[in-house]
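Peer 1: The chain contents come next:
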Amino acid sequence: MQAKKRYLILLSAGACLVLLFYLGGVQLPAASRSRHDRSRNGHRLEQPWPHFSDPLHPFLPWDQTDTEDYNLHISPRQKRDINTSVYKGKRCRMDSCFDFSLCRKNGFKVYVYPQQKGEKISESYQNILSTIEGSRFYTSDPGQACLFVLSLDTLDRDQLSPQYVHNLKTKVQNLPLWNDGRNHLIFNLYSGTWPDYTEDLGFDIGQAMLAKASISTENFRPNFDVSIPLFSKEHPRTGGERGYLKYNSIPPFRKYMLVFKGKRYLTGIGSDTRNALYHVHNAEDVVLLTTCKHGKDWQKHKDARCDKDNAEYDKYDYKEMLHNSTFCLVPRGRRLGSFRFLEALQAACVPVMLSNGWELPFSEIIDWNTAAVIGDERLLLQIPTTVRSIHQDKILSLRQQTQFLWEAYFSSVEKIVLTTLEIIQDRVLEHASRSSLMWNSHPGGLFALPQYSGYLGDFPFYYDTLGIRPYPKFTAVIHAVSPLVSQSQPILKLLAAVAKSQYCAQIIVLWNCDKPLPAKHRWPATSVPVIVIEGENKVMSSRFLPYEIIVTDAVLSLDEDTVLSTTEVDFAFTVWQSFPERIVGYPARSHFWDSNKERWGYTSKWTNDYSMVLTGAAIYHRYYHFLYTNYLPTSLKSMVDQLANCEDILMNFLVSAVTKLPPIKVTQKKQYKETMMGQSSRASRWADPDHFAQRQTCMNKFASWFGAMPLVHSQMRLDPVLFKDQVSILRKKYRDIERL
Amino acid sequence: MYTSGKYSSRGPALIPRMKTKHRIYYITLFSVVLLGLIATGMFQFWPHSIESTADWTLDKRSVHDAPLIRLPVSSPIPERGDLSCRMHTCFDVYRCGYNPKNRIKVYIYPLQRFVDELGVPISSTGLSREYNDLLSAISDSDFYTDDVTRACLFIPSIDVLNQNSLRIRETAQALAMLPRWDKGMNHLLFNMLPGGPPDYNTALDVPRDRALLAGGGFSTWTYRQGYDVSIPVYSPLSADVDLPERQPGASVVIPEEKLSEMYTILKSIPHRQVEEMQRQARWFWEAYFSSMKAIGLTTLQIINDRIYPYAARTYEQWNNPPVVKWSSVNSPLFLPLIPPRAPGFTAVVLTYDRVESLFRVITEISKVPSLAKLLVVWNNQNKSPPEETLWPKISVPLKVVRTKENKLSNRFFPYDEIETEAVLAIDDDIIMLTSDELQFGYEVWREFPDRLVGYPGRLHLWDHEMGKWKYESEWTNEVSMVLTGAAFYHKYFNYLYTYKMPGDIKNWVDAHMNCEDIAMNFLVANITGKAPIKVTPRKKFKCPECTAIDGLSLDQTHMVERSECINKFASVFGTMPLKVVEHRADPVLYKDDFPEKLKSFPNIGSL
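Quick mapping for you: the protein sequence lines, in order, are chains H and B. Count the first sequence with the working numbering and you get residues 1 to 740, in order. Count the second sequence with the working numbering and you get residues 1001 to 1607, in order.
Warning: the hint list may mix true and false statements.
Subject to a maximum C-alpha distance of 27 angstroms in a straight line, what follows is the list of computed DSSO-like cross-link-like pairs (lysine-lysine) [claimed, not checked]:
no.: 1; chain 1: B; residue 1: K1597; chain 2: B; residue 2: K1530
no.: 2; chain 1: H; residue 1: K394; chain 2: H; residue 2: K246
no.: 3; chain 1: H; residue 1: K724; chain 2: B; residue 2: K1540
no.: 4; chain 1: B; residue 1: K1183; chain 2: H; residue 2: K90
no.: 5; chain 1: B; residue 1: K1599; chain 2: H; residue 2: K605
no.: 6; chain 1: B; residue 1: K1530; chain 2: B; residue 2: K1500
no.: 7; chain 1: B; residue 1: K1468; chain 2: H; residue 2: K732
no.: 8; chain 1: B; residue 1: K1399; chain 2: H; residue 2: K246
no.: 9; chain 1: H; residue 1: K733; chain 2: B; residue 2: K1591
no.: 10; chain 1: H; residue 1: K724; chain 2: B; residue 2: K1530
no.: 11; chain 1: H; residue 1: K669; chain 2: B; residue 2: K1539
no.: 12; chain 1: B; residue 1: K1470; chain 2: H; residue 2: K732
no.: 13; chain 1: H; residue 1: K246; chain 2: B; residue 2: K1373
no.: 14; chain 1: H; residue 1: K246; chain 2: B; residue 2: K1468
no.: 15; chain 1: H; residue 1: K669; chain 2: B; residue 2: K1591
no.: 16; chain 1: H; residue 1: K605; chain 2: B; residue 2: K1591
no.: 17; chain 1: B; residue 1: K1591; chain 2: H; residue 2: K724
It should be emphasised that the hints constitute simulated quantities derived from the structure, not laboratory data.
Based on the provided sequences and hints, a complete structural model is requested.
Peer 2: Written out as structure tokens, the structure is:
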């Protein structure tokens, strides 16, 4: 009995034990698993934000939305009016310190004060003023102006500088149109001096906007001031050098990873970062060199490292480093901005910014993260690791973007000034301002005019980005200068041939003939609409006017005596669809540098390459009509009108300046070539002996306005795939081109 | 539980010595075990299952359980918001440091209920539904850390979304009491409705010192550029979007002064643009502002981008809806650049064992003026390349690289030996191309460095009967591919082919020993959105003395396989990237009636 009882107790105890372990055993792993799960999600040692079971109130009770607290009594405008009295000076904004009404009547016009006798103006400032005076924004009538620019040199406000203009305060106050600086734009490169280098200009700028270099984020008034780059006296007025990047090498690494060569300030403002650079220098792929040798009495202040630093400094050539480094350090100097920035940008050496608080140049519109590495002075020691961690693809893209930005906005004083003006114009005409894509992608904001259209797909540049294609039809614009006398005239044949093209949407005849418009029935009946417009001034430039009736993306521009077949037109149009940003045409011409005469030469001879196609027979995007009319200065357009010549050269200059690429020549039938080459057509202006000499003159005039020769040579011609192949002509889609 | 387990485990050891007087001991033991069992059972099977037990502490907590904190009247108040604050002055980056993921760590303070000395809460609503949603979303995100020492950004659990429900002074005191407050350094506050009567400030009136503010309704004067984050006012009642950063694609900004002109301005916007804007605005709303979660995470991403700018999202990433990306391309070689002729090109010849033919190819190519270097890729592992002395003597460097495996993809490897950006891929039996044809091909490549420039062109066609793509090599008027038996292209595409080819295409090509050229055509067209350029009339690579089996190209099964390749690649790419064109490039004076000796490239023209 005892044993039985004992066993019973033992058994039940054992059973209980097993049960206990079983249940407990299940629970323990479960608990540890859930703990494990959580620790995987970011090593959560404590609980994350709890999930409350309570019914919580919305932050905005329903009844409050209807109370007048939220339907504000005063309109934002009234509020702003109250604010305007407060938000002046350092807190100026466009709304409080800028009079929009001045811009409403005449658009964005800029007035430059006449230069006073005896006032010295630095070369840089002179370049700024002449750029504005030569731009399409300029007006000489202050009554028309929206923006005013002083003729007093405000570029250098460092009192110790020889360029410093004294008594600026009184001179400015005495200007009759000053109006407390309202709608004025003041350019400045240097402000303040040793030892604190303040950003004060030394005179009361009132409500004027600043276009200033080295501006700090603290002093920068967003969407009011414009941060401009620091540029040297030697910076060219127009044109400007191209970027140094010639090809995209793979892998994109260069000899050095990161370089810098510059002065070291031992003490005082802005000295910390450069003093610390030696920590990161490794004399191999990170080469950061400083010298103490500057100023008169540098030896007095020199520290223990100076001699060693100076010796290392002399070992390296700055230019060599600049061209052979992947990244270039741009540490602040005494002031926030430095010349290193533009130098690095041009050299396709990706700038690594170490200048805390610098409002980067044109930061309002440029996305600097796509072209530079924005470092933090406080994290200098991390910079090598950071740049080494940047992926090759990113380097490739950063590097190309430096070149785009350099050429689009920085390579000349003209570009810097025009960019500044365009930024302000975008603010004034807010509904027609450029999108960030227009500013930050090829061809850039100076060539993409928002007044043309707010829709990116209307421009020839963004099809790929938007993932769309141009409208698959064209509008033919025929430039007519001779009266309609016979039914066998070339223009009528041309009209019929073009109208037969499956891609033709409409034909516009621009009647630039002195004789009155012929009667409607004189024009042949065609399947597409023929619209005849009378040229207003009967001038050459009118063929490139942005007529609203041109509804297609493509324009086929034609001279009245052009001989073209439908097949040729069809083929050229299919080619254009692949290159919508270029001019696609038939007869081509070339330019060359005539070293004897030291000028550009023009040739119509048969050559192995070309750089222009004649717009007497060419397809291009209608945007170029708008650009030709609105971007080019009156001086060039009126030269073309007076000569009644060179309009095609000017168009080729313009398009190549935008695309940086050559036009495209497509194949043509021989007979057409001969009429053009032989210059035999009766009414042709090609017969004029002066014609050729004029074109040579035009070229040089245009090249000087563009500041460089934008034309680019090409050695190829595009033919149909089976062109002149020894295969049955029936297989060929464009067989007509081969027939004589 | 453990205690009871211990006792019972001792049990069996005692049994042999058991006596009646020990019975009491056993009964005690038994009861203990039983009690333990009941306790465990209770714990296990009481209202919750095992799984929910673990979550119990998370799920069913009440805001009323949060500790109550009494604020002394004299508790310090932070300074008012410092308007001069910028990331480099008021934000401690050392807390964020360098981390390989370039992601900031965000800590959320545990919930506390703040009351003044009289026990009145500092806020009339307490924790709002929206703020709770926002904090939950952040705590579920990758940004979250519960380790306060590792955090770079701190988010108070004090809800300041609506200023009107707050007692300003007490809220400020509560903020200052937070253990890591430190003048508000690296603290982030979210506010939707700032300002109250009478002056309706456009930023939160609660003094907050250096704390960052993600706010709705900023004016240009209260917004600290590059420091604060502008967020939309979220309301379940309205979709009132106040765009955070400048988003010109999605809204029209009209100054109030121009209200009278509004109609004209709005009318002047083209219809297509309006549609575009509507789509863009809808996408913004859905992607970034539609929920408190989106608002919270977008704000953190914006701050993250400021702290790690080199890893920041680009404007396009922020602004382009994924649907646009499908057809849109941003070529990695986007700069319009015609590289100089001087560096020349590197010819890469893939060979197995046709030494005689290889030597002829080498001799022919060496006549091309712009050849900079010849690279022979020896793809035969069983045989060594011929001795150095046997190779043709040419004027440019000749290098041989031996591969580890006989794979077609070896042809497209970005060898370090390729020092030029232009590569001429050429088969070891292509001896028919003239020096003029090759040089001209290189000149054309310079004008189109982002494209494949080749000789014979091929086409893909949609076979309506079969409902799939078909490969076409007959005399077509169109071209969508060029053969890489001889083609110029940028070295970048070698890198892409080797490391970035989508899906299993690369292995598939190696396994089937076919279609590497089609794969390359797909790759380039997909990333650039552009067609290849066919140069010269050349239609096939048929060498005069090649006998019956002309390489592989005439084989019928080979053609079928190439059609299959196109279908397979199209499905891997998820789209048909190839672009069809009707043109080829010829020298300017090709077939013109002009003295041949004056032409740059007279020796062009055979098929």
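Peer 1: Would you mind marking each hint as holding or not holding in the structure?
Peer 2: Status of each hint after checking the structure:
1. The hinted pair formed by B:K1597 and B:K1530 fails the criterion: a straight-line CA distance of about 35 angstroms is larger than 27 angstroms.
2. Note on H:K394 and H:K246: the hinted pairing holds, with a Cα-Cα distance of about 18 angstroms set against a maximum of 27 angstroms.
3. Between the alpha carbons of H:K724 and B:K1540 the distance comes to roughly 16 angstroms, so the proposed pair stays at or under 27 angstroms and holds.
4. At most 27 angstroms may separate the alpha-carbon atoms for a hinted pair to count; B:K1183 and H:K90 meet this at roughly 25 angstroms.
5. Pair hint B:K1599 plus H:K605 holds up; C-alpha atoms about 13 angstroms apart against a cutoff of 27 angstroms.
6. In summary, the hint linking B:K1530 to B:K1500 is supported, as the alpha carbons are separated by about 18 angstroms, within the 27 angstroms threshold.
7. A threshold of 27 angstroms between alpha carbons decides the hint, and for B:K1468 with H:K732 the separation of about 26 angstroms falls inside it, so the pair holds.
8. A C-alpha spacing of about 26 angstroms is found between B:K1399 and H:K246, which places the hinted pair at or below 27 angstroms, so the restraint holds.
9. A distance of roughly 19 angstroms separates the Cα atoms of H:K733 and B:K1591; the hinted pair therefore holds under the 27 angstroms criterion.
10. With a CA separation close to 26 angstroms, the supplied pair H:K724 and B:K1530 stays within the 27 angstroms bound.
11. For the given pair, H:K669 sits about 23 angstroms from B:K1539 by alpha-carbon distance, which is consistent with the 27 angstroms threshold.
12. Between the alpha carbons of B:K1470 and H:K732 the distance comes to roughly 21 angstroms, so the proposed pair stays at or under 27 angstroms and holds.
13. For the suggested pair H:K246 and B:K1373, the alpha carbons sit about 20 angstroms apart, so the restraint of at most 27 angstroms is met.
14. A hinted pair counts as satisfied when its Cα atoms are at most 27 angstroms apart, and H:K246 with B:K1468 does not qualify at roughly 43 angstroms.
15. A hinted pair counts as satisfied when its Cα atoms are at most 27 angstroms apart, and H:K669 with B:K1591 qualifies at roughly 12 angstroms.
16. The suggested pairing of H:K605 with B:K1591 holds, with an alpha-carbon distance near 17 angstroms, which does not exceed 27 angstroms.
17. A threshold of 27 angstroms between alpha carbons decides the hint, and for B:K1591 with H:K724 the separation of about 8 angstroms falls inside it, so the pair holds.
Checked against the numbered hints given earlier, this structure breaks hints 1 and 14; the rest are met.
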